[in-house]
Amino acid sequence: MGNGSTRAEDTARMDAPLSSVDQERFTSCWTQAQPAVARYIASLVPGFQEAEDALQNVAVVLLRKFAVYDPQQPFIGWALGIARYEVLNHRRGFARNRLLFTPDLAEQASEVYQELLPELDERHRALRECLAGVGERTAQVLRLRYQEALEPKDIATRIGMTSGAIRVMLNRVRGSLLGCIERRLALRGDGA
Amino acid sequence: MTLPRDLIDIYLDDQLDEQQAELLRDWLRADREHMREFLRRTSLHHALRSELQAAGACDRFLEEESIPGAPARPRSVRRHAIRPLSRAWQWRALGAALAAGLLLAIGLPQLIARHRDDGAIIAAGQAQVEREGALVTLHAGQALRDGDAITAERSASVTLHFQDGTDIVVEAGAQLTLITHGGSAGAAGSSGTSGSGKRLRLGSGRITAEVAKQPADRPLIITTSVAQATVVGTAFTLASVGGRTRLDVVHGLVRLNRTTGGDALVGAGEYAEAAADLAPVARKRDPSEIHGVPLTVGGPQHNQLLGPDGRRFVMKGAAVTLSPASPRGDAPPAAGPDAAALACTRAFTERGGQLDAMRAMGINTVRIAIGGAVAADARNGYRTAAEGYGGFAGYVQRLVAYAASARTRGMQVIFCYGGDDAWSNDEHWPLYQRLLGAVIAGLPEDGGVSFELIDGPEIADQDWVRCCTRSIAFIRSRGYHGPLIVDLNHYGNWWFAPMVDEVARTDQQLVFSLHYAKWVGWEHTAQLLAHGADHAVILGSIVRDVNGDVGEAEALAAAGAVAELVMRGLAVGAIATGWNRIEADAHPHPHGNRMTEDEGALRLGPWGTGFRDRFSGILPDWLDVPPAR
Numbered sequence: 001m002g003n004g005s006t007r008a009e010d011t012a013r014m015d016a017p018l019s020s021v022d023q024e025r026f027t028s029c030w031t032q033a034q035p036a037v038a039r040y041i042a043s044l045v046p047g048f049q050e051a052e053d054a055l056q057n058v059a060v061v062l063l064r065k066f067a068v069y070d071p072q073q074p075f076i077g078w079a080l081g082i083a084r085y086e087v088l089n090h091r092r093g094f095a096r097n098r099l100l101f102t103p104d105l106a107e108q109a110s111e112v113y114q115e116l117l118p119e120l121d122e123r124h125r126a127l128r129e130c131l132a133g134v135g136e137r138t139a140q141v142l143r144l145r146y147q148e149a150l151e152p153k154d155i156a157t158r159i160g161m162t163s164g165a166i167r168v169m170l171n172r173v174r175g176s177l178l179g180c181i182e183r184r185l186a187l188r189g190d191g192a
Numbered sequence: 001m002t003l004p005r006d007l008i009d010i011y012l013d014d015q016l017d018e019q020q021a022e023l024l025r026d027w028l029r030a031d032r033e034h035m036r037e038f039l040r041r042t043s044l045h046h047a048l049r050s051e052l053q054a055a056g057a058c059d060r061f062l063e064e065e066s067i068p069g070a071p072a073r074p075r076s077v078r079r080h081a082i083r084p085l086s087r088a089w090q091w092r093a094l095g096a097a098l099a100a101g102l103l104l105a106i107g108l109p110q111l112i113a114r115h116r117d118d119g120a121i122i123a124a125g126q127a128q129v130e131r132e133g134a135l136v137t138l139h140a141g142q143a144l145r146d147g148d149a150i151t152a153e154r155s156a157s158v159t160l161h162f163q164d165g166t167d168i169v170v171e172a173g174a175q176l177t178l179i180t181h182g183g184s185a186g187a188a189g190s191s192g193t194s195g196s197g198k199r200l201r202l203g204s205g206r207i208t209a210e211v212a213k214q215p216a217d218r219p220l221i222i223t224t225s226v227a228q229a230t231v232v233g234t235a236f237t238l239a240s241v242g243g244r245t246r247l248d249v250v251h252g253l254v255r256l257n258r259t260t261g262g263d264a265l266v267g268a269g270e271y272a273e274a275a276a277d278l279a280p281v282a283r284k285r286d287p288s289e290i291h292g293v294p295l296t297v298g299g300p301q302h303n304q305l306l307g308p309d310g311r312r313f314v315m316k317g318a319a320v321t322l323s324p325a326s327p328r329g330d331a332p333p334a335a336g337p338d339a340a341a342l343a344c345t346r347a348f349t350e351r352g353g354q355l356d357a358m359r360a361m362g363i364n365t366v367r368i369a370i371g372g373a374v375a376a377d378a379r380n381g382y383r384t385a386a387e388g389y390g391g392f393a394g395y396v397q398r399l400v401a402y403a404a405s406a407r408t409r410g411m412q413v414i415f416c417y418g419g420d421d422a423w424s425n426d427e428h429w430p431l432y433q434r435l436l437g438a439v440i441a442g443l444p445e446d447g448g449v450s451f452e453l454i455d456g457p458e459i460a461d462q463d464w465v466r467c468c469t470r471s472i473a474f475i476r477s478r479g480y481h482g483p484l485i486v487d488l489n490h491y492g493n494w495w496f497a498p499m500v501d502e503v504a505r506t507d508q509q510l511v512f513s514l515h516y517a518k519w520v521g522w523e524h525t526a527q528l529l530a531h532g533a534d535h536a537v538i539l540g541s542i543v544r545d546v547n548g549d550v551g552e553a554e555a556l557a558a559a560g561a562v563a564e565l566v567m568r569g570l571a572v573g574a575i576a577t578g579w580n581r582i583e584a585d586a587h588p589h590p591h592g593n594r595m596t597e598d599e600g601a602l603r604l605g606p607w608g609t610g611f612r613d614r615f616s617g618i619l620p621d622w623l624d625v626p627p628a629r
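Protein sequence lines, in the order shown, are assigned to chains A and B. If you're matching positions, the first sequence starts at 1 in my numbering and goes up one per residue. If you're matching positions, the second sequence starts at 1 in my numbering and goes up one per residue.
Worth flagging that the hints you see were computed from the coordinates, not collected in a lab. Among the hints, a few may not be true.
[Stated by the list, open to error] Calculated pairs, SDA-like style, for lysine to any residue (alpha carbon to alpha carbon, straight line, at most 20 Å): (1) A/Lys153 <-> B/Leu7; (2) A/Lys153 <-> B/Asp14; (3) A/Lys153 <-> B/Asp17; (4) A/Lys153 <-> B/Asp13.
Computed from a prediction, not measured in an experiment: that's the story for all the values here.
Produce the entire structure from the sequences given, and follow the hints as far as they go.
Set out below in structure tokens:
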């Protein structure tokens, strides 16, 4: 592994099976980086199924390329770079064939995302606390949307509301949760 | 460029078309900070997915495994053919295994521990908790442990909820220690194994409790420095101040023992006090003497709220009119601003004791009528409408202070203003904006406040809708984004559609209150609500005895109709008001009154203008209640 190798050498390394030590190292790196990579891909690909498929592809590519990974560089940066490439490269495979991010925006997103990582972790922790205060009905819709990955129209059918009402409800909930997260972060900031 | 929330929401629903995508790209390119904000929002989307997926995995695990304390359920055995996994599924399996491993290593033991030890949690508010020698801050949803010493913040109460349904409000600044929650055995009806019930120690301050029925051999016991209250199931307030303990019982029966001897059995409507030099004696509570504050008390209604799935809530509220003319039903003050200022000061500053008394009675919501009554009441001595609508120095500040005072006692606040006075009067509208704007500017930051626009029968539909619409727009323009309660009365028809559209335009959460049940055509109403269902939250309100001519049968039919709206997803709940007036009501109902004192209604004292029995509503937990600003 390392820099300075030729493309042919890299390809040969990639084709060779990983040693058990490298496999363990990869597992360790990937376990740490996976949540952040998943979140980054979810920002580029909003559909749950597509994002999860993309994540699987990225994991396969990372494993295959791990032999040429330079351990002097942060794994997360390397993984995000590959994730960005994979998402852009496979945009045509997405069901809706639409992708908000052009290459320049995806690159900018990757840079900003890495700056934001510590804050996003904090926000995720705050979200857990905020979710504890969500009312029963809202929780039901959140479960259907985010746990069962149902589209708003399917949720609407399930609970007898219009899809528009579900979308508005979800928008409000996300807005409320964002507000709650901000308040909690501000409180922690005050207490610091 | 402002934050394109709508576009981001559409993006998260994966419904962005190319034109919208281009707009969003332009916005993202315009400023690096835009990208940061975008990533914060899209990360929330993913975080929700990962949190709820993990929660789902845990729920399934807990259902499958036999967790001590969880009800036993038969386990079905399913057999599947074993097939090799595709590569993608191998990766999913690896991911799932990693996730499961992490859950098992980190999250699941905590989750199971919490499940087993789910005796009490913070249900609302936050508290400083002394735990094993360290001071920690606990928020809503976090579990309490035996031995925790809980101190409510100085300006806000904290509510504790026990697994058996018992709720205890620790008032601002009060200190309560959870000696033991009694374990799962403390739950009503359980056979129990722990051998002791809930044990609490009130260090100082006041608590209000609504206690679920406890096993007779394991009552809830609360000690103070001088006394001990033994509770089997009731609602009461216990206060410990300066070596003196006072117990006020709303319903049920509580025994108060003085540590140094002497006890009293205190029943509904009674109180007892204990101190080193005072043995407890049960005394009938006289509303006019509570806390030494002269009081005129209306009948606080315990409104039934029918929620989704037939869940019922009981709301306990009372309406107040904070008019300077209404301190205690005294003789009206002499005309003139000085006399009015004096009366106004008394009207507000002497209400703290009244709020305490209301809280002791279990009232959790105050509905404050603003504006119109002040300006319209000749006894207030205002010389001009401008004085009545906020030109009068101190009125708004006192109004806001009163609301804050109610909030510090853990009460919800509804500011209501009637359509038959100010906001539908074009001449007064500019003045009313001043009043309303000042009130909004002074709202407490913690939410718990909502606005209600009430109709008046003399207003023509179109005028009402026009004024209501401008009022909604004005309230929003001043930064209030909390729920609005808007009455739809028997005139309810498509004239209301523009108002619904205004709500849709501004995405305000709107709570429709359906009054005057008798005249509303339900199918017609369903159509109207369906029109607004994308944009509004509907809370049906049924009044039994509007103008004395809606009887029990009509009200029950209306309740059924609203329940149907709930089931059809067109409404989120229904309030039934006016069910529970008692015989002593100043306006006895020809069909009789339903609620007895045993059920929690209070016998009326003389009505004052300052405290009236009417509609009230606390927004239930399944309604999203964003903060006031």
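Results for each hint:
1. A/Lys153 <-> B/Leu7: With Cα atoms ~18 Å apart, A/Lys153 and B/Leu7 stay inside 20 Å; holds.
2. A/Lys153 <-> B/Asp14: OK: A/Lys153 and B/Asp14 at ~12 Å, within 20 Å.
3. A/Lys153 <-> B/Asp17: holds, 18 Å
4. A/Lys153 <-> B/Asp13: holds, 11 Å
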